[in-house]
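Listed below are the residues making up each chain.
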Amino acid sequence: MEQDNKLKFSLNIALVSGIFCITVALLLLLNFMQMAKNKPLESKALTSLVKRLSQEPNSDELKVEIRNFDLLARKAYFNSQWQVKTGGYLLLFGAIVFALSLRVFIGLKAKIGEPDVKDENDLTGRIMTQRWVMITGSVLIVLGLGASFASVDHLQKYDVNESLAEAKPADDQDKVEVIKVGENPQIVQPATTDSTKNGIPANATKTDTSKVAPVTAVKITIPGINAIKANVPGFRGPFGNGVYFQKNTPVEWDAVSGKNVIWKTPVPKKGYNSPVIWGNKVFLSGADNQSREVYCFDRSSGKILWKQLVDKIQGSPATPPKVTEDTGFAAPSLTTDGNRVYAMFADGDIICFDMDGNRVWARNLGLPDNHYGHASSLIMWKDKVFIQYDTNKSRKLMALNATTGETTWETVRKGKISWASPILADINGKYQVVLSTDPMVAGYDPETGKELWSVDCMSGEVGPSPASSGGMVFAVNEYAKLVGIDPSKNAKVWESDEFLAEVASPVAANGFLFVATSYGVLACYDAKSGEKYWSKEEGPGYYSSPVIADNKVYTFDTSGKMRVFDLGKEAKIIGEGNAGEKVTTTPAFVDNRMYLRTPKFLYCIGKK
Amino acid sequence: MKKWIKVSLIFAFLLFSLAGMAQQQRFPKPEFGTGYSQPTPITPEPRALALEYTDVVILLIVLSMASYFAIRKRSRKGLLWLSVFTLLYFGFYRDGCICSIGSIQNVALTLFDPGYAISITTLLFFLIPLVFTLYFGRTFCAGACPLGAMQDLLIVKPISLPEWLRKTLGIIPYLYLSLAVLFAATGTDFIICRYDPFVGIFRMDAEFHMVVLGIAFILMGMFVARPYCRFLCPYGVLLNWMSRFSKWHLTITPAACIQCKLCSDSCPFDAIDYPTDEKQSKNRTWGVNRFLVYALLIPLWIFIGGFAGSKAHTWISKANPTVYLAELLITKPDVRNDLKNLDVQAYLSSGKSMETLVKEATVIRRKFYTGGWIAGGFMGLVIGMTILRQVVYRKRTDYQPHKGNCYSCGRCMGYCPVKK
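Note that the protein sequences, when read in sequence, are chains A and B. For what it's worth, the numbering used here labels the leading residue of the first sequence as 1, then goes sequentially. For what it's worth, the numbering used here labels the leading residue of the second sequence as 1001, then goes sequentially.
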């Protein structure tokens, strides 16, 4: 090809590819603007159709129309994306052709001309360079200094309390988080009389629920032993031992026929926590992946006295953690001291309400890394709330100041994650917090968190909580052992592996120890020696922990059947009941009545 | 013998087949028949270690060939085709990553963060070009850098820039280097990668503003040759330093320069030094006096630069996500209720307390303060040295490539009429 033809050819290619590039670029720009403007799921037409559907929820025609429109919008969106991608490649190809053809054209046209007479050492050029570099340097310095004046160091001015006080909730919420707490809570102790006989304690704090109301100088009565025994302060009753100090507890009832059902009230949200009772109030919590709630029921009528949403907690995860169906978001039972009630959830949120439902404090302990979901219940002793905060990452026992929610102490423990709950065991006249986990059962000083004793005897994923009676501690787990421990000797006294519980906790009283297995066997042992008295297989299995009240052993199997056994050396059923639905929670007893949570209802059972 | 060869080949075939089978998933993925394929969240996708080492070997081969073409073979054509290969392999095939330019940040982070361990591949990508440059000049820029290759191939009609403009714009890479190291060392961001104007083209996927930036660089590069390499590339700063001490460097003429001046306009990057004018360099008194003054001013430049850098630390540190989040939550506490703010929601779900967050942010800001002093001082030194160099005269009798600025592209060699 001749030089002229080459020139013409390259120029024409450059022109054609240039026009092609401009066209594609403009189309791409147009497409981009269209994509930015019309987002498929924010379409006005779609929104109005969805709005119409809320007014006509049964219109199948409308549903089909929405589906078709949604599909169309999505198709259009992905089509645009495809166009952008393809257009990008076309533009790149065009640009390469354009640049190369232009380069060939200019290369062919170029001639080696007369060399320029340049002088590198041109003084004027050097002075110009110095000047401009100095100007640039000065501009950079001025910018640096200017930036210091233009910016404020908010970190230095940060004040924790001020910041928390400023964190006001959205206007549409009528309940508020109160994290700022009183500086001088007055603690009256010890009160050995039952301060709750007349229902609501006289010293319960009442606050205006519509305002941010820091709780100041709250008078708190630490309940005495009698008050604790008269109520149900937490999971498995007083001290978490499953032993109730009540008389004339009911032995027969039927949810289907309504026999001995004083009242039953639907529980708004699901939860595996058991009833906690103080005075005339029964507390439960419920949660799903949308929200968490705490409920207070009137013990006499079953009426919901208050229901509080658990939200706006600093550090609370925006999305709920993954939990298994049989653990749920509200497995831990609440705890109360008659002044306030404390609830914990699977996302690590812990919250405190006063007895009238006013929020006192709330905090998040960090999202528990727990493959089933956090299940360990809370327990109280004096002015502290104890949490067995086991996760896959760390195991610890925490004590929170009941007044402020602040951590009083925490003890990092060895071992693996456990789903058991802490109990209070009377060891040589002093109460200890006792925990069961793989590999050990251990006792801790409630005041300091110091480990007092520890016996390695457990293994696997420990679900059942320990039990205590007569100065001994008992622990069990499936595929591990049933053990009797003497904490004062820091030693295992006896062990057995015949009947092992998977979920239900053991219970001990009057020298007897009971273990309920998940395959339906209730076994009775001599608590001191571990000698087996009897075993009885009934029903599909036990998840609900057996409890003792009025010298009777109460059991609920997973089908909802209640069997009441005599507290003795022989297996003797002295009463039966039927919840008519699955039961996995543990009943509570107060004033001749039994309170039971089923998946749907809270029952009050007793003689009408 | 032939039998043995056959047996060996069959054995090798079986071995490869078994290896392939072993890599197949035990259970095939379910096929739902929608035709949808899950997009990968990482670009480029992680590679097997063997393939990463292959990249290192390819870099070594490309650098060796570039050095051979530039110094021994003196072949511009060879360098051109090598850069085409680099563009296709390291650019489009490897999606512009791994890249020696970005590796600066990995090195900086590994030096300052004991919790971060740099991969051996990244370290080699950082070191190998520097070592080659120390021996052969910037042959990396000539044939082994995909960013350089893209710009080099698209030079259409380069214009010569006046010296004052080149030198002034030449400060930017130092500033960019300082900031990149500061940001990487504080764990803030890898800004070289984030603001790489060409990576979006390599991947055919980028945010709109980065597409605009990439196109702007390409269009500018048609007339101002290699704008990114000359006025932005932070790795170029290190290569420039190394190249000044290079043992062998590309030369315009293979023998003695005959002063024909034909090469004077050949370099699109203005990287050819001309012979010095004896008349002007004779005016020594002016030069000596100024040299002394500028040399004495260098510590002052360093101090003022460091002071300004330290003063800017509050503002610069706002780029750090932890600092930004902490300040956002302090200044706008209501943002906690904004469910659409994913950063805030992620923080809230982490369970970290505000006090801890503020403490972490304060530690980072303190690092920025120290880093601000160092980066500012370094910039002061660069400015002071650039000014000082303007009064230094070096005697040159021939036309020769500037050892620091020359990219060893070999264009000038074709202009020289002298043959061996």
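Misleading hints may appear alongside valid ones.
[Stated by the list, open to error] Taking CB as the label site, the calculated pair distances span:
hint : chain 1 : residue 1 : chain 2 : residue 2 : range
1    : B       : K1359     : A       : I135      : 56 to 64 Å
2    : A       : I135      : B       : L1219     : 55 to 63 Å
3    : A       : S80       : B       : E1045     : 46 to 54 Å
4    : A       : E498      : B       : E1045     : 21 to 29 Å
5    : B       : L1127     : A       : L92       : 29 to 37 Å
6    : A       : N31       : B       : L1219     : 43 to 51 Å
7    : B       : L1060     : A       : M35       : 38 to 46 Å
8    : B       : L1127     : A       : K6        : 25 to 33 Å
9    : A       : Q83       : B       : I1215     : 49 to 57 Å
Calculated directly from the structure, the hints in this document are not laboratory data. The structure presented is a predicted model; accordingly, all values stated were derived computationally and were not measured. Ideal Cβ placement from N, Cα and C applies to all residues, glycine included.
Would you say the C-beta atoms of B/L1127 and A/L92 sit inside 29 to 37 Å of each other?
-> Holds: the Cβ-Cβ distance is about 32 Å, inside 29 to 37 Å.
Do the Cβ positions of B/L1060 and A/M35 conform to the proposed distance bound of 38 to 46 Å?
-> Holds - the Cβ-Cβ distance for B/L1060 and A/M35, about 43 Å, lies within 38 to 46 Å.
Look at the Cβ atoms of A/Q83 and B/I1215 and judge whether their distance stays inside 49 to 57 Å.
-> violated, 18 Å
Do A/S80 and B/E1045 keep their Cβ atoms within the hinted range of 46 to 54 Å?
-> violated, 25 Å
Just tell me: holds or violated, for the beta carbon distance of A/E498 and B/E1045 against 21 to 29 Å?
-> For A/E498 and B/E1045 the Cβ distance comes to about 55 Å; the hint is violated.
Does the Cβ-Cβ separation between B/L1127 and A/K6 fall within 25 to 33 Å?
-> 45 Å Cβ-Cβ, so the 25 to 33 Å window is violated.
CB-CB spacing for A/I135 and B/K1359 relative to the 56 to 64 Å hint = For B/K1359 and A/I135 the Cβ distance comes to about 41 Å; the hint is violated.
Between A/N31 and B/L1219, is the Cβ distance one that fits in 43 to 51 Å?
-> Violated - the Cβ-Cβ distance for A/N31 and B/L1219, about 21 Å, lies outside 43 to 51 Å.
Is it true that the C-beta distance of A/I135 to B/L1219 lies inside 55 to 63 Å, as the hint says?
-> The hint (55 to 63 Å, Cβ to Cβ) is violated, given that A/I135 and B/L1219 are roughly 27 Å apart.
In terms of the numbered hints stated before, the structure departs from hints 1, 2, 3, 4, 6, 8 and 9, listed from lowest to highest.
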